[in-house]
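Novice: Given chain A, put chain B in place with the hints provided.
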Amino acid sequence: MRRGRFSTSRSCPRIQHKQSACTGTSTDTSWTLGLFWARMGSRTAFVVLVFQLMVLSGFICAFPTPTASATDKTVSNRQLTEEKPLKEQMAEADGVKAALQSIETKPPTASEDLDSDPDELKALADTHQPKESPKVPVQVGHKVEQYIPDESDSTKSRRLAEDYDSTKKGMDQDEPESFHQVDGTLLTAEDIVQKIANKIYEEDDRGVFDRIVSKLLKLGLITDTQADNLEYQVAEALQDLITTNAKNNEITDADDTGKDTRGQEDSDANLWDSPQRRYNADEGDEEEEAEDEADAEEDDTADHMWDRDTQEVNEVNPEDGLQDLQYFPNFYRLLRSLDSERDTQERETLITIMKTLIDFVKMMVKYGTITPEEGVSYLENLDAMIAMQTKNKLGKALGSADATGANGKNMDDDDNTKADAAKMQKEYENLKDSTKEEQPSSETSRAGKAETYLEAIRKNIEWLKKHNKEEGKDDYDLSKLKDFMDQQVDAYIQKGIIAKDEGDTIKRIYSSL
Amino acid sequence: MCACRVGLDAVETHGGCAQVREPGSDGEISFEYHRYEELRKALVSVWLQCPTITRIYTIGESFEGRELLVLEMSDNPGTHEPGEPEFKYIANMHGNEAVGRELLIYLAQYLCNQYQQGNETIIDLIHNTRIHLMPSMNPDGFEKAASQPGEIKDWFVGRSNAQGVDLNRNFPDLDRIIYINEREGGANNHLLQNMKKAVDENTKLAPETKAVVHWIMDIPFVLSANLHGGDVVANYPYDETRTGSTHEYSASPDDVMFKSLARAYSIYNPVMSDPHRPPCRKNDDDSSFKDGITNGGAWYSVPGGMQDFNYLSSNCFEITLELSCDKFPNEDTLKTYWEQNRNSLVNYIEQVHRGVKGFVRDLQGNPISNATISVEGIDHDITTAKDGDYWRLLAPGNYKVAASAPGYLTVIKKVAVPYSPATRVDFELESLMERKEEEREELMDWWKMMSETLNF
Chain A
1 MRRGRFSTSR SCPRIQHKQS ACTGTSTDTS WTLGLFWARM GSRTAFVVLV FQLMVLSGFI
61 CAFPTPTASA TDKTVSNRQL TEEKPLKEQM AEADGVKAAL QSIETKPPTA SEDLDSDPDE
121 LKALADTHQP KESPKVPVQV GHKVEQYIPD ESDSTKSRRL AEDYDSTKKG MDQDEPESFH
181 QVDGTLLTAE DIVQKIANKI YEEDDRGVFD RIVSKLLKLG LITDTQADNL EYQVAEALQD
241 LITTNAKNNE ITDADDTGKD TRGQEDSDAN LWDSPQRRYN ADEGDEEEEA EDEADAEEDD
301 TADHMWDRDT QEVNEVNPED GLQDLQYFPN FYRLLRSLDS ERDTQERETL ITIMKTLIDF
361 VKMMVKYGTI TPEEGVSYLE NLDAMIAMQT KNKLGKALGS ADATGANGKN MDDDDNTKAD
421 AAKMQKEYEN LKDSTKEEQP SSETSRAGKA ETYLEAIRKN IEWLKKHNKE EGKDDYDLSK
481 LKDFMDQQVD AYIQKGIIAK DEGDTIKRIY SSL
Chain B
1 MCACRVGLDA VETHGGCAQV REPGSDGEIS FEYHRYEELR KALVSVWLQC PTITRIYTIG
61 ESFEGRELLV LEMSDNPGTH EPGEPEFKYI ANMHGNEAVG RELLIYLAQY LCNQYQQGNE
121 TIIDLIHNTR IHLMPSMNPD GFEKAASQPG EIKDWFVGRS NAQGVDLNRN FPDLDRIIYI
181 NEREGGANNH LLQNMKKAVD ENTKLAPETK AVVHWIMDIP FVLSANLHGG DVVANYPYDE
241 TRTGSTHEYS ASPDDVMFKS LARAYSIYNP VMSDPHRPPC RKNDDDSSFK DGITNGGAWY
301 SVPGGMQDFN YLSSNCFEIT LELSCDKFPN EDTLKTYWEQ NRNSLVNYIE QVHRGVKGFV
361 RDLQGNPISN ATISVEGIDH DITTAKDGDY WRLLAPGNYK VAASAPGYLT VIKKVAVPYS
421 PATRVDFELE SLMERKEEER EELMDWWKMM SETLNF
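Just so you know, the sequences run in chain order A and B. Positions 1 to 513 (this note's numbering) are the ones given, in order, by the first sequence. Positions 1 to 456 (this note's numbering) are the ones given, in order, by the second sequence.
In short, the hints are calculated from the structure, not lab data. A portion of the hints provided could be inaccurate.
Reference excerpt, derived from the structure (chain A facing chain B, CB under 10 angstroms, subset only) [stated by the list, open to error]:
1. L454
2. I457
3. L464
4. H467
5. I498
6. K500
C-beta atoms are modelled at their ideal positions from N, C-alpha and C, and glycine is treated no differently.
Bound conformation, chain A alone (with noise of 0.2 angstroms):
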């Protein structure tokens, strides 16, 4: 019946989440009033009238009211404001936890292997003041004032897609080690540098930087780019510590412990040496000629590799590169077979590409983003699919036939990053780390779902550029995107609805991006 909530029945139960409620409507009151009105005289009538509004004032206080709407809204939207808090509060109590352990530990030693970083970056903090946040936000130059209050809640700033629904089974948890500010003050990224860059000084060890970036990259609290930011700032603060440290002395020398500081000057050079042949420390004001000469030697040194520019790579002896590349017979048969003069460009940027490609895979193992087994799955299907694509592209087949590639991908050779990837694979075969014990799992399949994951990605790399081009956005929005993939792919592990192995595909074919 459709008119039932008109009932004349007077019981009104709070009636928040019931159906069969009573409304009461303007109706009932009246017919009731006007009845009683119709039996007494006038004088008496108003007595009674006043009195049974009160009476009905008084009965209809049982009501719901409309601050029962705003308890709707309260209930609906409880999520959004008490979850958030609680979130914050744990992780600070983390945070805070973390920090007074932090006092208690024994200093760093060089000795320390990476997953002891936390203390380090906490006995970094207390290095200054003791009491201040063991994290390390670092947006360094540019938008630090932006970037820190959201590193303060890292529940916040890792969840760019809110989600709020009830089909959604449970949210992230948070990263126990996310790092948070205790005392409120926030750190600077000029603070962050400097204090990096003491360390360094105290320490007499450039380790101390590598150890704490590559905590951080590991964490995912800072990108690629920042990293190399964060390398140029700290070798600048660097530079200036050595100098002002050094001017110091000679003034100090010049008054009496000559001894002294003659000593602390020598030890000075030799601590140095390391760092100075990357950073060429002169005294003064020869910082960029540093950067660009730390670019150019990192060549050399095998251990510590970062990203750089084509540009700077193209200066590298190409004979150099093709020692590392023999490890690749397709690739090595395609750039002999470029051997003439007309291929000469293609030859030197595929020369290119492949040594950037190492440096990629180098660093990606050393900071833990991929395993060894996965970049040797890499490898091998790229080596294929490099036999492959020549065969279709050039038309002619690259000496012995490569069985495994036939997996029906088309791919384009100008499209870096698919190149890249697909490089990265046949890199790895370079790196295998021999203390790795599990083995790889099917190939084939891995594969195949390595392949349809790349295409999907690219499609929407390339639809991400294309309507940033439009919109007149820049590409900044790419690690973001980054950031919030990798969360999504943690979430939908847990949920099961992508394997592990599925997600870790997913997030290397991001990083590599």
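Specialist: Relative to the frame of chain A, chain B by itself:
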């Protein structure tokens, strides 16, 4: 059948598979059957290609532990935007009725591709709707059906879930209750209100059924369709006959609207709407089919079906789409089925933007959730969702729409409803308390004046 995929930038065709890609065509979809792993992979690929407008989630597990996967598409996936209607397609609840399952995978790929290629219709649709696609409600059944050797698949193998339950007879039978209420009085909708606990404790409900029931309770779906095979027609409520006879036209209060919705699908499917189409099997009785649509009870009585459950437990209008005479046809027919159904599938989603829609709020602007929206002459009320938003599908005409909520004064508005788009009608409800307060103050003033005049 080769499974080849032609990339957006490819200028050559992969050897052995000469698929020519026309702009805006389906050259990027690979028309083949997807087993569970392949289904998952396909959905993940769509998500990877269109991560800003898609999200994958699962509403639970099948009996054998396969995820009941849903791909959601909207401009803000994961969020119900106030005022944005929710839509769903569910397929393959009978595991051996395979065409719908595949169509939803192709649809997902199609929508993503078209979105990126700038198709304005699709872009608008995705921006203004929240679309949920569940390619398979019965993945266990499908595996059983697909594992059969040979081309010809049995009519029944794989139909039910792994427990042998026919999921489309497994839903709580609310038709029976509504028929009683029609005769004796009672609620005309939301009949499951007091039965949530009963649903959870009901041992006869399959896990797939329970998952869908919870899904329907959680998301304020407005429109839906349920994809089957074995015939070609668009079927609408009620499915169960009132008298219990095997064939009887059983009209719902929204019979007019349902006919319109069913036609909106069939009209773009050339096979479904072909008036001269012979029945799928020689002795089939398709006398109830007209313009490619049929009332459920008129065709044959189905108790415990998902379609009617939607309509009677929630605000969602659902119809049943039978898409192929052959339940599990040969793989090389899939492309044809896609071509026959693509436009219908898209057009049906657009039907969600019809009738009246809006917000119900109190005088302070706060949303009133679970308020009732009733339409004079249609004995089927709907309710507002958490943000006070509602969507009432209506065929073109003049209506009186009333919004009411416990503790508030009812407001009635007259609306002229065109075919589309939906007409926006908002309600501001005055709470009884406020009205009482006003009246009280008026009377107090009057009393005061009288007492002064009369020297009380």
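Novice: Can A/I457 be said to touch chain B, with a Cβ gap under 10 angstroms?
Specialist: holds (5 angstroms)
Novice: May I ask you to test the interface hint for A/K500 with respect to chain B, counting a Cβ-Cβ separation under 10 angstroms as satisfied?
Specialist: violated (13 angstroms)
Novice: Hold the hint about A/H467 up to the distance rule: shortest CB distance to chain B must be less than 10 angstroms.
Specialist: OK, holds: A/H467 within 10 angstroms of chain B, min 8 angstroms.
Novice: Answer holds if the nearest beta-carbon of chain B is closer than 10 angstroms to that of A/L464; otherwise answer violated.
Specialist: holds (8 angstroms)
Novice: With 10 angstroms as the cut and Cβ atoms as the points, is A/L454 at the interface with chain B?
Specialist: holds (9 angstroms)
Novice: So, as I understand it, the hint says A/I498 touches chain B; can you test that by seeing if any CB pair is closer than 10 angstroms?
Specialist: This hint holds: A/I498 lies near chain B, its Cβ roughly 6 angstroms from the closest one there, short of 10 angstroms.
Checked against the numbered hints listed earlier, the structure breaks hint 6 alone; every other hint is satisfied.
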